[in-house]
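Protein chains in written order, with our numbering: chain A, 1 to 340; chain B, 1 to 340.
Keep in mind that the hints were calculated from the coordinates and are not lab data.
It is possible that part of the hints are untrue.
Which copy is meant is left open, so a pair is good if it fits within one copy or across any two.
[Stated by the list, open to error] Mimicking DSS-like on lysine-lysine, the simulated pairs with C-alpha atoms at most 25 angstroms apart in a straight line are:
#1 K118 - K188
#2 K38 - K271
#3 K188 - K78
#4 K81 - K262
#5 K38 - K2
Protein chains: 2
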Amino acid sequence: MKIIVDAMGGDHAPLEIVKGAVAAARKRSDLTIVLVGKEEEVKKAAAQCGGKGLPGNVSLVNATEVIDMHDDPASAFKLKKDSSMTVGLNLLKSGEGDAFVSAGSTGALLSAGTLLVKRVKGIRRAAMAPVVPNAKGGMVLVDCGANAECTVEYLVQFAYLGSFYASKAMGLSNPRVGLLNIGSEDSKGDHLRQEAYQVLKEVGENGRLHFIGNIEAKEAIKGGCDVVVADGFSGNIMLKSIEGTASFLGKELKGMFMQGIKTKLAALLVKDGLTAFKDRLNPDTIGGTPFLGLQKPVIKAHGASSARAIENAVYQAEAAVKADLAAEIEANINFMKLDR
Amino acid sequence: MKIIVDAMGGDHAPLEIVKGAVAAARKRSDLTIVLVGKEEEVKKAAAQCGGKGLPGNVSLVNATEVIDMHDDPASAFKLKKDSSMTVGLNLLKSGEGDAFVSAGSTGALLSAGTLLVKRVKGIRRAAMAPVVPNAKGGMVLVDCGANAECTVEYLVQFAYLGSFYASKAMGLSNPRVGLLNIGSEDSKGDHLRQEAYQVLKEVGENGRLHFIGNIEAKEAIKGGCDVVVADGFSGNIMLKSIEGTASFLGKELKGMFMQGIKTKLAALLVKDGLTAFKDRLNPDTIGGTPFLGLQKPVIKAHGASSARAIENAVYQAEAAVKADLAAEIEANINFMKLDR
Numbered sequence: 001m002k003i004i005v006d007a008m009g010g011d012h013a014p015l016e017i018v019k020g021a022v023a024a025a026r027k028r029s030d031l032t033i034v035l036v037g038k039e040e041e042v043k044k045a046a047a048q049c050g051g052k053g054l055p056g057n058v059s060l061v062n063a064t065e066v067i068d069m070h071d072d073p074a075s076a077f078k079l080k081k082d083s084s085m086t087v088g089l090n091l092l093k094s095g096e097g098d099a100f101v102s103a104g105s106t107g108a109l110l111s112a113g114t115l116l117v118k119r120v121k122g123i124r125r126a127a128m129a130p131v132v133p134n135a136k137g138g139m140v141l142v143d144c145g146a147n148a149e150c151t152v153e154y155l156v157q158f159a160y161l162g163s164f165y166a167s168k169a170m171g172l173s174n175p176r177v178g179l180l181n182i183g184s185e186d187s188k189g190d191h192l193r194q195e196a197y198q199v200l201k202e203v204g205e206n207g208r209l210h211f212i213g214n215i216e217a218k219e220a221i222k223g224g225c226d227v228v229v230a231d232g233f234s235g236n237i238m239l240k241s242i243e244g245t246a247s248f249l250g251k252e253l254k255g256m257f258m259q260g261i262k263t264k265l266a267a268l269l270v271k272d273g274l275t276a277f278k279d280r281l282n283p284d285t286i287g288g289t290p291f292l293g294l295q296k297p298v299i300k301a302h303g304a305s306s307a308r309a310i311e312n313a314v315y316q317a318e319a320a321v322k323a324d325l326a327a328e329i330e331a332n333i334n335f336m337k338l339d340r
Numbered sequence: 001m002k003i004i005v006d007a008m009g010g011d012h013a014p015l016e017i018v019k020g021a022v023a024a025a026r027k028r029s030d031l032t033i034v035l036v037g038k039e040e041e042v043k044k045a046a047a048q049c050g051g052k053g054l055p056g057n058v059s060l061v062n063a064t065e066v067i068d069m070h071d072d073p074a075s076a077f078k079l080k081k082d083s084s085m086t087v088g089l090n091l092l093k094s095g096e097g098d099a100f101v102s103a104g105s106t107g108a109l110l111s112a113g114t115l116l117v118k119r120v121k122g123i124r125r126a127a128m129a130p131v132v133p134n135a136k137g138g139m140v141l142v143d144c145g146a147n148a149e150c151t152v153e154y155l156v157q158f159a160y161l162g163s164f165y166a167s168k169a170m171g172l173s174n175p176r177v178g179l180l181n182i183g184s185e186d187s188k189g190d191h192l193r194q195e196a197y198q199v200l201k202e203v204g205e206n207g208r209l210h211f212i213g214n215i216e217a218k219e220a221i222k223g224g225c226d227v228v229v230a231d232g233f234s235g236n237i238m239l240k241s242i243e244g245t246a247s248f249l250g251k252e253l254k255g256m257f258m259q260g261i262k263t264k265l266a267a268l269l270v271k272d273g274l275t276a277f278k279d280r281l282n283p284d285t286i287g288g289t290p291f292l293g294l295q296k297p298v299i300k301a302h303g304a305s306s307a308r309a310i311e312n313a314v315y316q317a318e319a320a321v322k323a324d325l326a327a328e329i330e331a332n333i334n335f336m337k338l339d340r
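Turn these sequences into a full structure, and let the hints guide you.
Okay, structure coming up:
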């Protein structure tokens, strides 16, 4: 299997990206990794990875441009045809790789992924679907930022996409799908939610999805469902609120342990537990967020990705290739269309 | 000052409500409290408060009905004319009290408050605006559930309401107002946000509000602004995500400290810090959420309110009366209307 990695995307590119890709390649000789980026810079980064340059299962494709945060997301990949992102996605498109990983601009990756790799026929919009930690392990949050404005059909498709992904990525046989809402009753929320609820209820009754109804953010975090279906606006608000609260409380906790000798001793006594606690909430542990609905796997690693995050994103890309969601979507696409 | 308290609303009514009201009355002889509810039940609860029944500054108004979660929020107060909520709000309306506190159904309280106490003239919708803990102390989140569907004018009015409230309730001279969005750039979010951004930017340039632009949920939690302006749908998602994450992490932390003798010793060593940490996030500490935009203060205490939460909601009601937001809104209402 061949994973293409955008060496130039992200706050710590290219060094952390190259380090992460090299780490994955060293551990997994069965994987091939294609680094795409400015040749000189990637080589310089590779020299800092220990060993003699790039491992044998890592190749390098030169790309002279970089898409950055100042580029217009919608047109960047066209204007910068020799950017690492455009070149990498074209490699994926033409079959010279099985998946693409990038920590670059989310908007640019979404536009470029949609227009170059293309959506599965019948899918209206690609959606971002991270696995977010919750009290029962994790939940797929779909969409969480790709589509600020949604229709009922988008939400219904997100429900299917999230359910397929949770089955494959989390190994759940019948994922519980909830519609993110501000109350659990049928009538809650805005018109979009009320209408989507009725459609999803019918889909559930037909046995195509395990739809459990509306779910409040708090209940989802408690572990009330496996897939949270949201428009990209409120899904993003949920994701960022979880991240923000975890970070805020993490800092408060740190402050508590740093107060004096007694509390520092306490920190030593719970050291292992604290490490596990932090690890649980560390975005680097997960790696990245797939764009569901595209014909081939495209994984967005977060902008601040460390080497560890990139390494994990490579494994996630591998899992996505094995899962072959596109085939599952194609087999079910007729159920995923609304007659409107 | 006279605070009217709905003795029958909430999961732990009437006992916890009566206990909380009595506690406030005992501490503050300058306050008068009017308990509204089923006479016999309130008296029975009062007998469990220690002392000889209700203190001298607490009176009781009988109301034979109770609005519960099964009643239709929009019509409950009309169908149950002798409910504690309807009777209490009518007392407020007719000037027989200065503020009303209820832990009953949010929807029913909003409908009844809007139709009985009425909005300040020119205000399109009342909004819920709790002070939510964040890294810099707290932020006013407006709206957080009263209005699932919003127009640009609602959002602009929420910005003013939140700013007035933050000035008075939090003592801030020039509260930083942010528009909750999924990115900080002007162009981010849906049409509603893009349009609201432009209007708020102009309001800010005219010096009427300290508008700092779009704000992401994560940045707000870090303390990036004092007032978060949101539609009631995404505001509620943010609030519940914060509550859910805090509760989830609190439990994880507890699990960490309960693992063995070493970790239990650690818990003892950080006992004070842990108590302060929990207190910080305990909704009982704040008490309730005001409905901004009504002619008189109506405070929604949370459904699971303990006596302590009700006591704090009484003090919050007192602060709201002193703040006299309605007068400030009236003085500024011409700036709060959009010419559409």
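Right, here's what the structure says about each hint:
no.: 1; hint: K118 - K188; result: between (35 angstroms within a copy, 24 angstroms between copies)
no.: 2; hint: K38 - K271; result: neither (42 angstroms within a copy, 54 angstroms between copies)
no.: 3; hint: K188 - K78; result: between (43 angstroms within a copy, 21 angstroms between copies)
no.: 4; hint: K81 - K262; result: neither (59 angstroms within a copy, 59 angstroms between copies)
no.: 5; hint: K38 - K2; result: within (20 angstroms within a copy, 72 angstroms between copies)
The structure is inconsistent with the numbered hints 2, 4, although it conforms to all the rest.
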